[in-house]
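Peer 1: If you read the sequences in order, they're chains A and B. Per the numbering used here: the first sequence = residues 1 to 293. Per the numbering used here: the second sequence = residues 1 to 293.
Please keep in mind that the hints were generated in silico from the structure rather than gathered at the bench. Among these hints, one or two may not hold up.
So the derived label-pair ranges between C-beta atoms look like this [to be verified]: (1) B:D195 to A:T148: 38 to 46 Å; (2) A:K272 to B:L94: 44 to 52 Å; (3) B:A157 to A:E266: 37 to 45 Å; (4) B:A157 to A:R120: 19 to 27 Å; (5) B:C50 to A:T148: 55 to 63 Å; (6) A:S207 to B:K275: 30 to 38 Å.
From a predicted model like this one, the values you see are computed outputs, not experimental measurements. For each residue, glycine too, the CB sits at the ideal point set by N, CA and C.
Okay, here's what each chain looks like letter by letter:
There are 2 protein chains.
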Amino acid sequence: MRGTTQVEGTLGIIAGRGSLPSVIARAAMASEIPIHLVAIRGETSEEIECFPHTWIQWGEIGKLFSALKDNTCTDLVIIGGVNRPDFDNVRLDLGAIKTLPFLLSLAKGGDDHVLSSVVRFFEEKGYHVHGAGQVLPELLADEGKLSTKAPSAEDKADIATGLEVVRALGRHDIGQAVVVAKGRVLAVEAAEGTDAMLQRCAELRKSGRARGAHQTGVLVKAPKPGQEERIDMPTIGPETMRRAAAAGLAGVAVAAGQVLMAERGETIAAAKANKLFLVGERWDADVDDALGE
Amino acid sequence: MRGTTQVEGTLGIIAGRGSLPSVIARAAMASEIPIHLVAIRGETSEEIECFPHTWIQWGEIGKLFSALKDNTCTDLVIIGGVNRPDFDNVRLDLGAIKTLPFLLSLAKGGDDHVLSSVVRFFEEKGYHVHGAGQVLPELLADEGKLSTKAPSAEDKADIATGLEVVRALGRHDIGQAVVVAKGRVLAVEAAEGTDAMLQRCAELRKSGRARGAHQTGVLVKAPKPGQEERIDMPTIGPETMRRAAAAGLAGVAVAAGQVLMAERGETIAAAKANKLFLVGERWDADVDDALGE
Numbered sequence: 001m002r003g004t005t006q007v008e009g010t011l012g013i014i015a016g017r018g019s020l021p022s023v024i025a026r027a028a029m030a031s032e033i034p035i036h037l038v039a040i041r042g043e044t045s046e047e048i049e050c051f052p053h054t055w056i057q058w059g060e061i062g063k064l065f066s067a068l069k070d071n072t073c074t075d076l077v078i079i080g081g082v083n084r085p086d087f088d089n090v091r092l093d094l095g096a097i098k099t100l101p102f103l104l105s106l107a108k109g110g111d112d113h114v115l116s117s118v119v120r121f122f123e124e125k126g127y128h129v130h131g132a133g134q135v136l137p138e139l140l141a142d143e144g145k146l147s148t149k150a151p152s153a154e155d156k157a158d159i160a161t162g163l164e165v166v167r168a169l170g171r172h173d174i175g176q177a178v179v180v181a182k183g184r185v186l187a188v189e190a191a192e193g194t195d196a197m198l199q200r201c202a203e204l205r206k207s208g209r210a211r212g213a214h215q216t217g218v219l220v221k222a223p224k225p226g227q228e229e230r231i232d233m234p235t236i237g238p239e240t241m242r243r244a245a246a247a248g249l250a251g252v253a254v255a256a257g258q259v260l261m262a263e264r265g266e267t268i269a270a271a272k273a274n275k276l277f278l279v280g281e282r283w284d285a286d287v288d289d290a291l292g293e
Numbered sequence: 001m002r003g004t005t006q007v008e009g010t011l012g013i014i015a016g017r018g019s020l021p022s023v024i025a026r027a028a029m030a031s032e033i034p035i036h037l038v039a040i041r042g043e044t045s046e047e048i049e050c051f052p053h054t055w056i057q058w059g060e061i062g063k064l065f066s067a068l069k070d071n072t073c074t075d076l077v078i079i080g081g082v083n084r085p086d087f088d089n090v091r092l093d094l095g096a097i098k099t100l101p102f103l104l105s106l107a108k109g110g111d112d113h114v115l116s117s118v119v120r121f122f123e124e125k126g127y128h129v130h131g132a133g134q135v136l137p138e139l140l141a142d143e144g145k146l147s148t149k150a151p152s153a154e155d156k157a158d159i160a161t162g163l164e165v166v167r168a169l170g171r172h173d174i175g176q177a178v179v180v181a182k183g184r185v186l187a188v189e190a191a192e193g194t195d196a197m198l199q200r201c202a203e204l205r206k207s208g209r210a211r212g213a214h215q216t217g218v219l220v221k222a223p224k225p226g227q228e229e230r231i232d233m234p235t236i237g238p239e240t241m242r243r244a245a246a247a248g249l250a251g252v253a254v255a256a257g258q259v260l261m262a263e264r265g266e267t268i269a270a271a272k273a274n275k276l277f278l279v280g281e282r283w284d285a286d287v288d289d290a291l292g293e
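Assemble the whole structure, with the sequences as input and the hints as a guide.
Peer 2: Take a look at the structure:
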């Protein structure tokens with residue numbers, strides 16, 4: 001299911017926050033895939049202006065679809081988080097008014113509910129929504145040892161615990177990441193994001209509330225079961241490595257083939273520089289009975 | 001199981017951090033239960049010096065048992081968190097050397113594992129370990145509406161989600177509390193504690209990453225299934241209410257009879273002053289199949 005997807009015509013990239021949209025745009029151009037970005041004022045970084053693009057305001061759904069149509073985009077990648085719109089500050093154009101029931105439905109429910117709705121919304125209008133990793137599989141973390149260091153037996157036990165906990169949490173549409181050190185779950189990611197969770201672990205360690213020598217514990221990142229992976233794939237980058245090191249962890253484990261590592265070279269270099277292990281763990285998305293016993 | 005426990009002789013209180021040891025000592029004296037506190041330098045507040053007490057250093061296990069014996073304490077309450085000892089700075093007395101394998105076993109595993117070991121350790125030496133709520137049941141949150149405001153239908157749905165998530169997490173020895181707003185799990189408590197989690201929710205809301213009007217969402221607090229409730233009972237107090245209000249929540253729900261509300265009057269007053277609902281929810285500790293379906 002993660003084989004390369006052939007894009008017809010121009011790839012539309014709906015661009016959210018952060019550096020991911022630019023990274024993906026650059027990778028697509030390197031693969032000679034023509035692109036057009038739709039960027040959201042106040043969300044998307046101005047970096048994207050070096051690629052073909054259209055700026056819209058939150059709520060300008062009509063303008064969004066015009067941009068896609070004018071650029072013959074029928075295949076889409078939606079990438080980079082967005083803040084949930086504050087409905088007081090949304091500028092609704094005619095296209096938005098028509099889709100108001102949909103927009104209002106976004107105000108309720110877990111992340112995954114919202115993201116699935118977004119995908120369905122585009123699909124109902126005839127677009128094909130792909131994960132960035134489907135179009136550009138070279139951006140996915142692969143299986144096995146990716147850094148110089150290898151996990152110890154104790155690290156491996158923490159990785160196994162972490163994978164199990166992420167699976168369990170996913171049933172409740174929570175988080176993609178946990179930190180486990182010496183069998184103890186130090187932190188669980190919910191709405192705050194991985195960087196904030198790692199920051200918290202660094203503080204716990206500094207305050208003496210997380211035991212263990214420096215270089216103990218592991219960040220585990222994997223998709224939620226049933227996660228809308230096409231637009232909410234877990235992601236790691238060089239900053240993840242720096243923060244994991246600052247939190248005193250021994251390394252990072254991700255679900256192989258299921259986690260975006262868009263800045264692959266920089267990420268691996270940061271893992272090595274910080275003496276972290278970085279491994280891709282085999283992950284069977286269909287195993288869904290981890291809680292059964 | 002939560003009926004009042006009769007204490008024979010003097011009640012020994014092993015006192016950790018925070019104000020709880022003093023609150024409990026005061027409640028015990030009000031109930032005319034004689035007490036002796038064992039306080040740990042660097043952990044216990046000096047407030048406890050107004051009660052009969054002995055100071056020990058981390059690792060002075062021999063001195064701990066002498067204090068209990070000299071004061072005819074066979075019933076114990078262990079209250080207030082402690083930092084996991086940093087084994088580099090522990091002063092080991094003769095009693096500690098004898099119990100070294102036990103002490104070292106504490107360096108590994110989840111919270112619940114450690115706490116169960118501590119209880120077992122005292123029990124094997126012939127002590128009876130009680131929960132503060134068993135000795136002083138007036139300190140437990142009771143069922144029903146405890147503040148002026150009542151939860152809305154939406155709040156009730158968030159409470160139900162929160163209770164389910166706490167149950168699910170408990171299987172992995174994680175957390176006692178979650179924040180749910182409009183069906184979305186905003187935050188999960190692991191090692192950082194409830195106050196830090198609420199602080200995070202306040203920041204998420206400020207940064208626009210948690211939606212919803214002010215006064216949306218609920219803090220849910222309940223014991224982990226199988227939690228060693230005698231020494232690690234979830235606790236709320238006036239500060240919890242202030243932080244829940246600062247996080248923009250509508251209210252707080254706790255498992256009735258399973259959550260310590262040591263400063264009852266102040267806690268309820270703080271809920272009212274901050275226009276929060278505060279409810280005790282029926283909680284069946286034996287239901288353990290919430291994850292089954």
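Peer 1: Against each hint, give a clear statement of whether it holds in the structure.
Peer 2: Comparing the hints with the structure gives:
1. Distance hint for B:D195 and A:T148: a CB-CB separation of about 39 Å, consistent with the stated range 38 to 46 Å.
2. For the pair A:K272 and B:L94, the supplied restraint of 44 to 52 Å holds, since their beta-carbon distance comes to about 48 Å.
3. Distance hint check for B:A157 and A:E266: the Cβ-Cβ separation is about 43 Å, which falls inside the suggested range of 37 to 45 Å.
4. Remark: the range hint 19 to 27 Å for B:A157 to A:R120 is upheld by a beta-carbon distance near 23 Å.
5. Our hint of 55 to 63 Å for B:C50 and A:T148 holds, since their Cβ atoms are close to 58 Å apart.
6. At roughly 32 Å, the beta carbons of A:S207 and B:K275 sit within the given window of 30 to 38 Å.
When the structure is compared with the earlier hints, no violation turns up for any of them.
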